[in-house]
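Each chain, letter by letter, is given below.
Protein chains: 2
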Amino acid sequence: MFRTHTCGDLRLSNNGQQTTLSGWVQRTRKMGGMTFVDIRDRYGITQLVFNQDVNAGLWEQANKLGREYVIQVTGTVAERSNKNANMSTGEVEILVSELQVLNESKTPPFTIEENTDGGDDIRMKYRYLDLRRTNVRENLELRHRITFETRRYLDQMGFLEVETPILIGSTPEGARDFVVPSRMNPGEFYALPQSPQLFKQLLMVSGFDRYFQIAKCFRDEDLRADRQPEFTQIDCEMSFVEQEDVLNLFEGMMKHLFKFVKDIDFAEDFPRMTWHEAMRIYGSDKPDIRFGMEFVEIKEEVSGHDFVVFDSVPYVAGICATGCAGYTRKQLDELTDFVKKPQIGAKGLVYIRCELDGTFKSSVDKFYSNDDLKTIAAKMNAQPGDLILILAGAKVKTQKALCELRLEMGAKLGLRDKNVFKPLWVIDFPLFEWDEETQRYYATHHPFTSPNLDDVPLLDTDPGQVRATAYDMVINGVELGGGSIRIHESELQNRMFELLGFTPEKAQAQFGFLMSAFQYGAPPHGGLAFGLDRLVSLFAGLDTIRDCMAFPKNNSGRDVMIDAPSKIDQSQLDELNLVIDLK
Amino acid sequence: MFRTHTCGDLRLSNNGQQTTLSGWVQRTRKMGGMTFVDIRDRYGITQLVFNQDVNAGLWEQANKLGREYVIQVTGTVAERSNKNANMSTGEVEILVSELQVLNESKTPPFTIEENTDGGDDIRMKYRYLDLRRTNVRENLELRHRITFETRRYLDQMGFLEVETPILIGSTPEGARDFVVPSRMNPGEFYALPQSPQLFKQLLMVSGFDRYFQIAKCFRDEDLRADRQPEFTQIDCEMSFVEQEDVLNLFEGMMKHLFKFVKDIDFAEDFPRMTWHEAMRIYGSDKPDIRFGMEFVEIKEEVSGHDFVVFDSVPYVAGICATGCAGYTRKQLDELTDFVKKPQIGAKGLVYIRCELDGTFKSSVDKFYSNDDLKTIAAKMNAQPGDLILILAGAKVKTQKALCELRLEMGAKLGLRDKNVFKPLWVIDFPLFEWDEETQRYYATHHPFTSPNLDDVPLLDTDPGQVRATAYDMVINGVELGGGSIRIHESELQNRMFELLGFTPEKAQAQFGFLMSAFQYGAPPHGGLAFGLDRLVSLFAGLDTIRDCMAFPKNNSGRDVMIDAPSKIDQSQLDELNLVIDLK
Numbered sequence: 001m002f003r004t005h006t007c008g009d010l011r012l013s014n015n016g017q018q019t020t021l022s023g024w025v026q027r028t029r030k031m032g033g034m035t036f037v038d039i040r041d042r043y044g045i046t047q048l049v050f051n052q053d054v055n056a057g058l059w060e061q062a063n064k065l066g067r068e069y070v071i072q073v074t075g076t077v078a079e080r081s082n083k084n085a086n087m088s089t090g091e092v093e094i095l096v097s098e099l100q101v102l103n104e105s106k107t108p109p110f111t112i113e114e115n116t117d118g119g120d121d122i123r124m125k126y127r128y129l130d131l132r133r134t135n136v137r138e139n140l141e142l143r144h145r146i147t148f149e150t151r152r153y154l155d156q157m158g159f160l161e162v163e164t165p166i167l168i169g170s171t172p173e174g175a176r177d178f179v180v181p182s183r184m185n186p187g188e189f190y191a192l193p194q195s196p197q198l199f200k201q202l203l204m205v206s207g208f209d210r211y212f213q214i215a216k217c218f219r220d221e222d223l224r225a226d227r228q229p230e231f232t233q234i235d236c237e238m239s240f241v242e243q244e245d246v247l248n249l250f251e252g253m254m255k256h257l258f259k260f261v262k263d264i265d266f267a268e269d270f271p272r273m274t275w276h277e278a279m280r281i282y283g284s285d286k287p288d289i290r291f292g293m294e295f296v297e298i299k300e301e302v303s304g305h306d307f308v309v310f311d312s313v314p315y316v317a318g319i320c321a322t323g324c325a326g327y328t329r330k331q332l333d334e335l336t337d338f339v340k341k342p343q344i345g346a347k348g349l350v351y352i353r354c355e356l357d358g359t360f361k362s363s364v365d366k367f368y369s370n371d372d373l374k375t376i377a378a379k380m381n382a383q384p385g386d387l388i389l390i391l392a393g394a395k396v397k398t399q400k401a402l403c404e405l406r407l408e409m410g411a412k413l414g415l416r417d418k419n420v421f422k423p424l425w426v427i428d429f430p431l432f433e434w435d436e437e438t439q440r441y442y443a444t445h446h447p448f449t450s451p452n453l454d455d456v457p458l459l460d461t462d463p464g465q466v467r468a469t470a471y472d473m474v475i476n477g478v479e480l481g482g483g484s485i486r487i488h489e490s491e492l493q494n495r496m497f498e499l500l501g502f503t504p505e506k507a508q509a510q511f512g513f514l515m516s517a518f519q520y521g522a523p524p525h526g527g528l529a530f531g532l533d534r535l536v537s538l539f540a541g542l543d544t545i546r547d548c549m550a551f552p553k554n555n556s557g558r559d560v561m562i563d564a565p566s567k568i569d570q571s572q573l574d575e576l577n578l579v580i581d582l583k
Numbered sequence: 001m002f003r004t005h006t007c008g009d010l011r012l013s014n015n016g017q018q019t020t021l022s023g024w025v026q027r028t029r030k031m032g033g034m035t036f037v038d039i040r041d042r043y044g045i046t047q048l049v050f051n052q053d054v055n056a057g058l059w060e061q062a063n064k065l066g067r068e069y070v071i072q073v074t075g076t077v078a079e080r081s082n083k084n085a086n087m088s089t090g091e092v093e094i095l096v097s098e099l100q101v102l103n104e105s106k107t108p109p110f111t112i113e114e115n116t117d118g119g120d121d122i123r124m125k126y127r128y129l130d131l132r133r134t135n136v137r138e139n140l141e142l143r144h145r146i147t148f149e150t151r152r153y154l155d156q157m158g159f160l161e162v163e164t165p166i167l168i169g170s171t172p173e174g175a176r177d178f179v180v181p182s183r184m185n186p187g188e189f190y191a192l193p194q195s196p197q198l199f200k201q202l203l204m205v206s207g208f209d210r211y212f213q214i215a216k217c218f219r220d221e222d223l224r225a226d227r228q229p230e231f232t233q234i235d236c237e238m239s240f241v242e243q244e245d246v247l248n249l250f251e252g253m254m255k256h257l258f259k260f261v262k263d264i265d266f267a268e269d270f271p272r273m274t275w276h277e278a279m280r281i282y283g284s285d286k287p288d289i290r291f292g293m294e295f296v297e298i299k300e301e302v303s304g305h306d307f308v309v310f311d312s313v314p315y316v317a318g319i320c321a322t323g324c325a326g327y328t329r330k331q332l333d334e335l336t337d338f339v340k341k342p343q344i345g346a347k348g349l350v351y352i353r354c355e356l357d358g359t360f361k362s363s364v365d366k367f368y369s370n371d372d373l374k375t376i377a378a379k380m381n382a383q384p385g386d387l388i389l390i391l392a393g394a395k396v397k398t399q400k401a402l403c404e405l406r407l408e409m410g411a412k413l414g415l416r417d418k419n420v421f422k423p424l425w426v427i428d429f430p431l432f433e434w435d436e437e438t439q440r441y442y443a444t445h446h447p448f449t450s451p452n453l454d455d456v457p458l459l460d461t462d463p464g465q466v467r468a469t470a471y472d473m474v475i476n477g478v479e480l481g482g483g484s485i486r487i488h489e490s491e492l493q494n495r496m497f498e499l500l501g502f503t504p505e506k507a508q509a510q511f512g513f514l515m516s517a518f519q520y521g522a523p524p525h526g527g528l529a530f531g532l533d534r535l536v537s538l539f540a541g542l543d544t545i546r547d548c549m550a551f552p553k554n555n556s557g558r559d560v561m562i563d564a565p566s567k568i569d570q571s572q573l574d575e576l577n578l579v580i581d582l583k
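If you're matching them up, the sequences are chains A and B in order. The letter at position 308 of the first sequence is residue 308 when you use this note's numbering, and the numbering goes up by one with no holes. The letter at position 534 of the second sequence is residue 534 when you use this note's numbering, and the numbering goes up by one with no holes.
Hints listed in this document are in silico derivations from the structure and should not be mistaken for laboratory results. Any given hint could turn out to be false.
One copy or any two copies: either way a pair holds, since identical chains are not told apart in the list.
As a list, the in silico DMTMM-like pairs of lysine to aspartate or glutamate whose alpha-carbon atoms are at most 20 Å apart [claimed, not checked]:
| # | residue 1 | residue 2 |
| --- | --- | --- |
| 1 | K64 | E489 |
| 2 | K106 | E491 |
| 3 | K83 | D263 |
| 4 | K418 | D265 |
| 5 | K347 | D417 |
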């Protein structure tokens, strides 16, 4: 038996008990004839005491312990004279009578502390040591808790978790697939799923009624900071439901998670906002509503004052930063630089300071009188002491830039507290997006998304105006999940394929088995999928999904710890009938 | 709103209520002016009534409904005059006032009934229809329940579920890997994991203490009836444990599953048997102990009677089939044919009938007197009326054949009841297996399995005798799971590699990152993995794991429903720098 307690178990109530602990040496401190060793495991840290006067041999052994040695000790629980209120075991220490080194350790390449001295690269190479750090491990404990509670809720709601296959067929449309050569079927390939979308719809055809799966998904895309080649979705689908049923059930799931994982109660319904409204007020389909600072369009108010910048563009809008009238020239220049960054792309920034004395000071004083500015300030509901920030240009591009400026200001003003959670449903997405380059419509979600049935007549006359029965759950500006009611009638589905430029042959080749399935009695159905990695990141207050994955890959898709991918043997290539041809 | 109740909800207590149901048309029966329609969903079947006298138009509509049409009906719950005790809703029917066809259906290619008329191939092609059959769906409901209860138990026990990556590196040793070409790392490949073995051991090095994962695993092997290229393991690992800790914890898990999934209580501890004992008594490392019929070695008793078959071989053993003395010549010939099948490989079968009058009749009467046979029968503890079946030959091969014969007799005698569950731990496996062909030792489990520390001295003198700290859980002759205590000291690990013929370079190339990790303080650890597919099959009483997977592949590794694997586009191959070279 390696231990009677964990390193997080012992309390003053155990005083005088004999105990055996196993764990890692966190640190040792020698103070004269006393040596203190902190022993650590997943559950906590306990202080061990070795006294030269009591047992000189043991004390000498203790002095030889290195960081991260694995040890087993037996001793007596004693009350500490110098208590540590920051540790759950801080009231006790162990007077050690036996010590065994279970394993030695080389000195780790970085400190195993919350604030480690290790950089990103070395921590990834030694991820198994990085995972020893309490804060990293806690992210994975949180992930476990979230998946467990997700399953508990969905099970209560009658959902069945069904595993769908990982080795499936490749679909050229959409993001790039990872493919897997088949040895038994020479020249043919499996693909790894980008999502279980088609399978979950098949399960609805099968009458499974309520399906979910916490599913690995794969996309061979060029990686950005917050993308991983493999990621995890909470994938769900229901039959005989309308949008309202889906929203209610998954709002319930999110409330359950907040309650049982974060101990946060949401008494109120989550607010809902149409996509058009979200774009108008926040310039984003995933607005952060922890703070206001809503867009106000002022094209009408600013026009006709010979300011060509405003006169020549279709869209002028501003936000009002409460209490920021005192911003210095330098601060305003920084904001101007911010909006002019290429990834934001504004040409410039106009500001109006609403001074405390009721006057106004702006970067466009030349064109606007104090009264003009007063009118603008009134439209924006700005108060004395506020700062108005205005962008102008093409509508969509300017909304996007103003959205970034709003988020930046929210961050500067401390309005984006990671411990405050503001959920929101964004609904009524447009069914189609027009692509200028290829001059055709694309499905905003996917080709199985049902139009709002009220808008079906518009499919013929004005497809761009058709609303989808699609919805996203957004929390704090993060799109956590989204889905739609699916088309279950083949006539409407064929119509959609036509509008999306699929020939019947192409639709058959790509979705043939789903189309066939739908001929045998498909029920009305809909669902959604949550990004688990994002959800955990949000709950953990992390900036990247990488920190909530045990073994993430870097931006080149490499696992630097195990050094994968790697070359394979010629015999493996031969068996697969493959030749590598590096250009 | 598509429904107020499911098709399994309504009872006599709902009598008189208005209800709306949605589901599939199971069958329609026209009886004069009355038409009865059974509507089905996941939850049950409810009888609908359409009365020509009440609403002729609706009745006509109902008469047009085809099998598997998706319909929605509204009506009033009424008590049935002709109650059906086999259905949970059998006391009521719905007097329908509204009917809507939500979707039509082509006539399915086979009947959606427990005993369908569809053969295997057509059911796999239309798996989404096959899954509508209640018995198939119930297997997947059971699978959901088992994974849910597994997680509930392990969570209670402090285990964390951690997702390990699917895109890892290839390890040439062991079974064949599926590989995934990397586009971003030209000429390099990921591999799909055969198990999360290395990662779970790394998590122990990371101090995760108790890990589990219900994990997809992949093996590119030629498929047999009961193998699938992707399968699922309940994968577990613990730190600071000895074998006893692991066995207790997972015996607890299995008892939990039996209790909460099958409502079966196991009061007693699971019996344990050494590998040597299992081989001696049952000729198998996964004995079915639902019945006795133990092997009795009788080489001593049968030798020296000029029967060259018995005299010339090292091993003679028999089993005693209770009450089978009356077996006819034909039955005995069938048994002889059975043991002579190539996959069993015995040369012949000797029988002794223990007649009710105390005499004996055998196929070797020529060599053995009645007294000789009596001695053998006594050794075998055979009673009048029993049948003794004897095989002879090389020990291991004969044990294997006698094991098959025992199982066959057990089945014939009805001793292998699928509703009786007899668990067993098999322990003390040999650490090494000697391979005649390559003249070297292989690890019986894997190279990280710890020897029994008492046997370490034998590593030098007689490796074949070294017991591993390895264990299997066997139920009803099925190996459900197995594992071991791992080696955590690098010295012993290096010793193992040496014995297994790994050069230090090869060990480094293949397990380098694990070996490196072990230098930073690896705790003593051990674990095991259960085959989820087998576990579900066992609980469901199925003969193959395929029936408990939603979308299995056939023996050529094909998913015939989605027609995968398949050819991919030239552009995909080009991006991956691959050329197909079919020999």
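Run the structure past the numbered hints and jot down the numbers of the failing ones, going up. Of the numbered hints given earlier, those the structure breaks are 3 and 5, listed in rising order.
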